[in-house]
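Okay, here's what each chain looks like letter by letter:
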Amino acid sequence: MTFSVPNDRKYSQSHEWALIDSQTALIGITDFAQDELGDIVFVELPNPGDSITKGDIFGLVESIKAVSDLYAPLSGTISDINPLLDTEPEQINDDPYGAGWMLKIELTDLGEVEKLLTKDEYQSQTS
Amino acid sequence: MDLRLSPLTTSHEQMGAKFTTFGGWKMPIRFSSIIEEHNYVRNTAGKFDVSHMGQIILSGNDAEYLINKLVSNNVTNLRDDQAQYAMITNQDGIILDDILVYRNSSESFMFIPNAGHDEEMFLRFVQFRDKWNLDVTVQNSTNEIAMFAIQGPDAVNSLEKISSDSISNLKRFTTTAANIAGTPCTVSRTGYTGEDGFELLLSAQDALGLWGNLDFPSCGLGSRDTLRTEMGFLLSGQDFEYKTNPRTPFEAGVGFTVDLEKDFIGRDALLQSNSQTLDYNFIGFSLQDRSIPRPNSPIMGNTGEQIGIVTSGTLSPTLGIPIGLGYVKSAHSSIGTSLQITIRNAAKPATICSVPFINQQ
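Those protein sequences? They're chains A and B, same order as listed.
Per my numbering, residue 1 is the first one in the first sequence, and the count goes up by one each step.
Per my numbering, residue 1 is the first one in the second sequence, and the count goes up by one each step.
Wrong hints could be hidden among the right ones.
[What the hints assert, rightly or not] Not the full set, but computed from the structure, chain A residues with beta-carbon under 10 angstroms of chain B:
no.: 1; residue: G38
no.: 2; residue: L60
no.: 3; residue: I64
no.: 4; residue: P83
no.: 5; residue: T87
no.: 6; residue: N93
no.: 7; residue: K119
Quick caveat, the hints were computed from the structure, so don't treat them as lab data.
Beta carbons: idealized from backbone N, C-alpha and C, even for Gly.
With the hints as constraints, model all of the structure from the sequences given.
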């Protein structure tokens, strides 16, 4: 099975993605991750204004069979969360790189971006 | 220890199934999505490979005597080709496993222990056969027999079309022999989903050929679990487990499988407990929040004291709300009672509701 890994963003080893736009990043989980989890029925996210630190747990996703922690791929302050996920968490399964996005953050350490995995590096990790 | 494999494991792998370990078996948990597979079974039909279920065969003059002494229900009520739900209890009346007993003839019985219990139950039957010096052969055929479940409102009509003999008039909890798509099977009008359908028992050697000829979506153990949870059916090893979660049939809500008029191992203890008020009752509950109760989540009463424990939980795909099963102190077990389920250190409001959670059959 091959999973979608878009070229326009960076990845963490814990299967989150970050789409960088100068000082901000959109964050979600990868196609591989959503497939491993199966039907996602519940998402717990922090609130706008909260800070997250690279490598720390920032929330969780719950599928029918399991609960999984979410790890921050980058550090920053949350400026927005995806309001859709409260009522339609299945968007993460259906469109993990689009409608299933989770957080928008203002980056506090741009240097962290370089340390994330490229599409090719992430792909070789999951294949 | 090596995992035990279904005769279809390689085929399931090629289909891209995701796997889980259950009772020492490597079995598919899902082929597509648990919710999608669940809905196939509720709305049309689906096929399950349940070859991890055990088959113990008893034959000989004392077959009926032996099984009747080791299970809670009365097998002398069975006619040929009938099946019965029963508990295997220890001398304290604690459930060791829940099984289906099939009577083939007065001298031939088969029972279906749960995944991973076949060897233990086989040894138990051999031990008591030897102790009582009975004329009965006990055989563990789990590895030689494959088992499929075809479940859903369309299952009967669809399977009838590929059956050598008519099976649509087969009564619930009865069996017949038929060729399904040319494969010799024991066809049983039973299941674990709350839907109509059949379970098929066949030679493991024929499993791959027949599976490919069954034109139903493949379903895994994930949806089997959500389907049985909506019905409030017990899962061995989870809703009861004789060491970690010891329960009598009365506590577990399956007192209807106990015949105290006959003699069996566990009867004396159950006779005593039947005359007393139960400490705990098996209940179903639903949650208001969107969070899934998991086994071992504490159940709290409204004054903050722990009154029970969750044994099963899921998001009900049919109802769209979280549901669970568990045990609470009898004083708190009536329908409509408000509870709190502790999930990740947060108290989630819940209400005891009637089981099954959905209206079926």
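A quick look at each hint next to the structure:
1. Among the interface hints, the one on A:G38 holds; its C-beta lies about 6 angstroms from the nearest C-beta in chain B, closer than the 10 angstroms criterion.
2. At its closest, the beta carbon of A:L60 sits 8 angstroms from a beta carbon of chain B; the interface hint therefore holds under the 10 angstroms criterion.
3. A cut of 10 angstroms between beta carbons decides the hint on A:I64: the least distance to chain B is about 5 angstroms, and the hint holds.
4. Look at A:P83: its Cβ only gets to about 15 angstroms from chain B, farther than 10 angstroms, so that hint breaks.
5. Because the closest C-beta pair between A:T87 and chain B is about 9 angstroms apart, less than 10 angstroms, the hint holds.
6. A least Cβ separation of about 8 angstroms between A:N93 and chain B falls short of the 10 angstroms threshold, and the interface hint therefore holds.
7. The beta carbon of A:K119 is not positioned within 10 angstroms of any beta carbon in chain B (closest approach about 23 angstroms), and the interface hint is therefore violated.
Violation of the numbered hints given earlier is confined to hints 4, 7; the remaining hints are satisfied by the structure.
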